[in-house]
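Position chain A relative to chain H; hints supplied.
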Amino acid sequence: MFNFLNKIARSKKKIKPVESRNTLEEQSSWKEQTISWLIDENIDLMKKIYRIPDNRDVKVREIKLGGKGRKAAVFFISSITDVRTIEDSALRPLLLNKDPDAGIEEIIYTQNVTAVTQIQEVVENVNRGNAVIFLEGKPAAYAFECANFQGRSVESAETEVLIKGPKEAFTEKAIVNLSLLRKRIKNEALVAETVTIGKRSKNDVFILYIRNLADNQLVENIKGRLNNLNADAIQNLSLLEQYIEERKFSLFPSVLLSERPDRAASFIEDGHIVLIMDNSPDSLILPATFWSFFHTPEDHYLRFFFGNFIRVLRMIAMFITIFISAIYIAVTTYHAEMIPADLLLAIAGTREKVPFPVLIEILLMEIAFELIREAGLRVPNPMGPTIGIVGALILGQAAVEANIISPIVIIVVALSGLSSFTISDISLNFALRIIRFMFIFSAGLFGIYGMTTLFTLGMYYFVSLKSFGVPFLAPMSPHYVSSKDTIFRKLLTQESLRPGYLKPVDINKKGNGAVK
Amino acid sequence: MKQTKGKIGIREYVAIIGLTIGSKLSDDTPSILYSTARNSAWISLLLMTLLSIIPILLLLKVMSAHKGKNLHEVNLHLFGKVLGNLFSLVLLAIGFSFVVVDSERYVDIIGTMYFSRTPLIAIYVVLFIVCAYGAKRGIEHIGSTAWLAYFYIKVTLLVALGITFIQGIPELIFPLWGPGIGEIVKTAGSNLSIFADIFFLALIAPLVGTFKEYKRGTLIGFGIGAVEITVSLVLFVMLFDFTSIEVLKYPFHETIRYISIGFLTNVESIFLPFWLVAAFIRFSVYLYLVVVLFGGIFKIKDFEYLVPLMAVLIVALGNASTISVYRIPQLRELLLTWLSPIFFLSPCFMWLAAKLRGDFRNGTSTKNH
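Chains as they are written, first to last, in my numbering: chain H, 1 to 516; chain A, 1 to 369.
Honestly, I wouldn't trust all of these hints.
[Said to hold, decoys possible] Straight line, CA to CA, 25 Å or less: simulated DMTMM-like cross-link-like pairs of lysine to aspartate or glutamate:
| id | chain 1 | residue 1 | chain 2 | residue 2 |
| --- | --- | --- | --- | --- |
| 1 | H | Lys466 | A | Glu304 |
| 2 | A | Lys299 | A | Glu73 |
| 3 | A | Lys249 | H | Glu337 |
| 4 | A | Lys136 | H | Glu245 |
| 5 | A | Lys7 | H | Asp485 |
| 6 | H | Lys202 | H | Asp82 |
| 7 | A | Lys7 | H | Glu246 |
| 8 | H | Lys503 | A | Glu213 |
| 9 | A | Lys136 | H | Glu246 |
| 10 | H | Lys466 | A | Asp302 |
| 11 | A | Lys7 | H | Asp215 |
| 12 | H | Lys484 | A | Glu213 |
[As the list claims (entries may be wrong)] Take a look, some chain H residues computed to stay more than 12 Å from chain A by CB distance:
| id | residue |
| --- | --- |
| 13 | Lys31 |
| 14 | Asp44 |
| 15 | Tyr50 |
| 16 | Arg51 |
| 17 | Ile52 |
| 18 | Glu105 |
| 19 | Glu136 |
| 20 | Arg211 |
| 21 | Ser250 |
| 22 | Ile347 |
| 23 | Ile360 |
| 24 | Arg373 |
| 25 | Glu495 |
| 26 | Gly511 |
What the hints contain is simulated information worked out from the structure, not anything from laboratory work.
Backbone N, C-alpha and C define an ideal beta-carbon position, used for all residues, glycine too.
One chain only, chain A, in its complex shape:
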């Protein structure tokens, strides 16, 4: 009954996972999957889901032995001061790059699909004003907002997907194996990091009410997220067929442009606000996680004061990358590929280290696992 200050409940936690992983169906993640796995992208996503269960369960196992510690503290504990910090630093670098690259994608979506005459930098700055404000308020309030918005965001998504299903042609998902099992497995392997958010979210593990809630929340959120993305990957193919879906940059936004509801022929602006709220919450969470990790590594206690600085840095880098010679889509794909083994292997190493150190032997871990 009593809510401890600064903590979030299971509802809020599931909503956070749902909005960070779930909204990946609406950026260019599907198009990355479609580019190699073609119309069987959804099968490769199922494969990813199955593969991801291993690191997630190992992570939960490790975290269960270190209740009250966040990912960084667990790293320090397991790998010692030097290696632990180094490992966290690598995570920070990757996480930070992801925020930059992902946010640039979102700004690109808003800029190209909806506000083609607005300068991108303005969109970027506004996006990060909101995210910085949210991150500064703390995870408790991000969580509450996520939970309050979650239902409505998912209902509108369901409506959009439902209409897509009605207007799509089910036969288009065939041939079922698309480019062949080899390609599907390759795609799954190199994009495993779609679910890496869960690994980073272990940074807020001690802020979730109880460990039981954290564990259940992680699994529920993971399950819902996986189902959402799989279903939408199927539906996008049903609507566009595999040849055209490969050239679409943002299938979700093309979908909501394509479908119509009764007399309303252009409904994308109805779905836009909900998608935007999800985006704001998603980047608030990312920003918060980056700052927590940064504060942990460099031992900054009042890490929330880093939020504005970090936000400015992200906007600057993200905006610079739009005019640089490197192209973000490739960069993002590259990052996804790099992160995949890290996401898969780090929990394994952590578990191994914990096992060797004998962390699981004390009674606390057996009770909850």
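One chain only, chain H, in its complex shape:
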């Protein structure tokens, strides 16, 4: 029996030939060649590189040109190209051509044709969805753009939801994202440079900034970092973020991820740098300060008082998220005297039958809340309501009735959980949720003294953070010239300065009072 199984296993190994020869070195040795004078050699080499016909979507169309009957071959990958363009703009004119001496540039109709001389360049073009034409008697190949990668269309933002303001969000296609940004900044100075990262997968990163506005040193710094990456593949921005961020073990993020083109555009206009990439429905904004994580675009879309009102709400919510559970623990265990007597009696009454210390009680409930939250996120849609029932009924009501948790703890934890949702940035949100647990433990250990200790430690750490040379709490401290858009914002017409910590070339962005 065992022998039999063994045989099957071995035979399977034999059936599947291991592509041992297809190493990176060998691939590159093929690709390093220049294009030969002989078209058949070129076609053979390309077929070898692309393993035609094993590779089903790589297409080669060999044709004889009219007149002298010169041979030509068109290479493309059908799954990532617009086949109609190839047929209409290249194949048809090639077949209908009667002039024997005409060059490729004169025959085909596409918006641009580039002549390349290296196999390497040919391969790159084909991989990017372009088509490449080889022509007999020419030591060059001609590439033209006809890429058509599949992806979804522009949809509305899902994580950064607004009531007032534009609704569209980035998609997974970098070109679409670029178009969304160019739609907002119609300026020739908006530069979209690309850097290719990922040795095998050749992922392109677009670096967007406004020339003669963004700090050159910063742009060079980021380009340098991207060029220095040594990885086979970096698929999207969420991964790239972790490659280029500065403090990898820090709780606080140092680059901002936003899925809103309007937000990215306003950051670019302030002199920030934005990275976009295929396969990422978002943009990476750097450098980022604490305030950029704390703000939402709606703060500015709403009128002055309304915008500041939601900022105050968010600030309060942030403090509630971090502190309320810890304060409850500290006050009930260490500083009971500060609660008014009636309330103290009420709390003591509800805790009468609960067998746990407050710290354990709070921890139980906080962890339960985090579980509901995580499960609610992962649960398949049709089962969503189940989570609600389980969460609200069993963990809430039943736990109280079973005297495991006191009702006040439910209020406290629900408040802290609810408040945490007001921070829309996912990185900051996670940071706050983890910090909340640290405060809970410090309050359990030393009451308000412990909390203040942790707070001061945190502040020392917080002010020492930097994102690409920009202090995390700038422009509040250290002080920089800016529009003072921190906890509150000024009137829109008075926000006339770009943030000074970016060292923008032109600091004024508006006239005084935004009038001429």
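The following block gives chain A in isolation, referenced to the frame of chain H:
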């Protein structure tokens, strides 16, 4: 617009002064003043403020001739290598003792007023873990934290003092001259060193953005600190009257225990965190200054590595003093008395030395003074 690395701006500097001098109203400094000057402690503080202007202005004058140098380097320059180092060493000894004694007081406050069942050593260690971390991060970050916290600390102080004013009885500040002018002047003279922090802060003078900012910051910080302490000295008397205030060890903490806000009858735990943040920042600054001075005297370039060692030393000494036969309050009073003439006279000597050496004659000093 461009911020040079490692430097602090005027805001941060004022906040540092505000938190080092200003928070003296919340330790046992008021009770030391009350013990001799009684209800007129605030007058003696005003007198101190007036007296302190002289050494502070002289100090600023001397520093203006030596921009880019800290106090220790100026000492070396003025008094030569041997005397300068000796002078700095005396300063270090006094500064260090002050940190030990002061921190012991703070631990005592936390231990007796708020956490009576927590062992003092635990409070002490936690306090200095934070301070060592802050001092290790450097003055730039201490400054930023100080500035960020400054507003909230002072607002809560203002609230506390405001309520004290409402609940206090203004007539209690009379008789205005209390124990008599002689006692008031004596108190002022022997406790002048309340403002000696400014003298020690000259150690970070080159780290403040520009000399102009340093000068203005010093004067503003000094002014705010003096007003704060004076006002609170008046208000404490208004709340407790002079006979009981003399027996109170920590008037500020008794005050926040005594007052009530609406339905909240015990509000001290609301003020406690703000006071604690101020305390943490204050001792971070002190620790940093001690280490800078130490590093300067013994020519240790990477002085920030001394921070943990110094912190351990302070905790050990401070904790030992709680169980020793010497009593810290007396020790602190003694130190204040010793430091007072040093604080008053050293800037005078420095100025004299600078004058004799002709440091003020080059053009740089006249421009800013």
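The hints, checked one at a time:
For the suggested pair Lys466/H and Glu304/A, the alpha carbons sit about 20 Å apart, so the restraint of at most 25 Å is met. Under the criterion of a C-alpha separation no larger than 25 Å, the hint pairing Lys299/A with Glu73/A is consistent with the structure, at around 11 Å. For the proposed pair Lys249/A and Glu337/H, the alpha carbon gap of about 21 Å is at most 25 Å, so the pair holds. The suggested pairing of Lys136/A with Glu245/H holds, with an alpha-carbon distance near 24 Å, which does not exceed 25 Å.
Between the alpha carbons of Lys7/A and Asp485/H the distance comes to roughly 23 Å, so the proposed pair stays at or under 25 Å and holds. Restraint check for Lys202/H and Asp82/H: satisfied, since their Cα atoms lie roughly 21 Å apart, inside the 25 Å limit. For the hint pairing Lys7/A with Glu246/H, the CA-to-CA distance comes to about 22 Å; that is within 25 Å, so the pair holds. Under the criterion of a C-alpha separation no larger than 25 Å, the hint pairing Lys503/H with Glu213/A is consistent with the structure, at around 22 Å.
Our distance criterion of 25 Å between C-alpha atoms is met by Lys136/A and Glu246/H, whose separation comes to about 20 Å. Distance check on the hinted pair: Lys466/H and Asp302/A sit about 22 Å apart at the alpha-carbon level, within 25 Å; holds. This hinted pair checks out: Lys7/A and Asp215/H have alpha carbons roughly 22 Å apart, not beyond 25 Å. Between the alpha carbons of Lys484/H and Glu213/A the distance comes to roughly 21 Å, so the proposed pair stays at or under 25 Å and holds.
No Cβ of chain A approaches the Cβ of Lys31/H within 12 Å, the least distance being about 46 Å, so the stated non-interface status holds. In this structure Asp44/H is separated from chain A by more than 12 Å, as the shortest Cβ-Cβ distance comes to about 60 Å. The claim that Tyr50/H lies off the interface holds: its Cβ sits roughly 53 Å from the closest Cβ of chain A, which is beyond the 12 Å cut-off. Listed as a non-interface residue, Arg51/H keeps its Cβ farther than 12 Å from every Cβ of chain A; the least gap is roughly 55 Å.
Here Ile52/H stays apart from chain A, with its beta-carbon at least about 58 Å from theirs, past the 12 Å limit. Every CB of chain A is more than 12 Å from the CB of Glu105/H (nearest about 51 Å), matching its label as outside the interface. A cut-off of 12 Å between C-beta atoms confirms that Glu136/H is not in contact with chain A; the least separation is 62 Å. Annotated as non-interface, Arg211/H keeps its C-beta farther than 12 Å from every C-beta of chain A; the closest such distance is 21 Å.
Distance check on Ser250/H: its Cβ is at least 14 Å (rounded) from any Cβ of chain A, clearing the 12 Å threshold; non-interface status holds. Once the 12 Å rule is applied to beta carbons, Ile347/H is consistent with being away from chain A; the minimum gap is 15 Å. Look at Ile360/H: its CB is around 20 Å from the nearest CB on chain A, clear of 12 Å, so calling it non-interface holds up. Residue-level check passed: Arg373/H sits 29 Å from the nearest beta carbon of chain A, beyond 12 Å.
Chain A leaves Glu495/H outside its interface by the beta-carbon criterion, the shortest separation being 17 Å against a cut-off of 12 Å. Residue-level check passed: Gly511/H sits 20 Å from the nearest beta carbon of chain A, beyond 12 Å.
Checked against the numbered hints above, the structure violates none of them.
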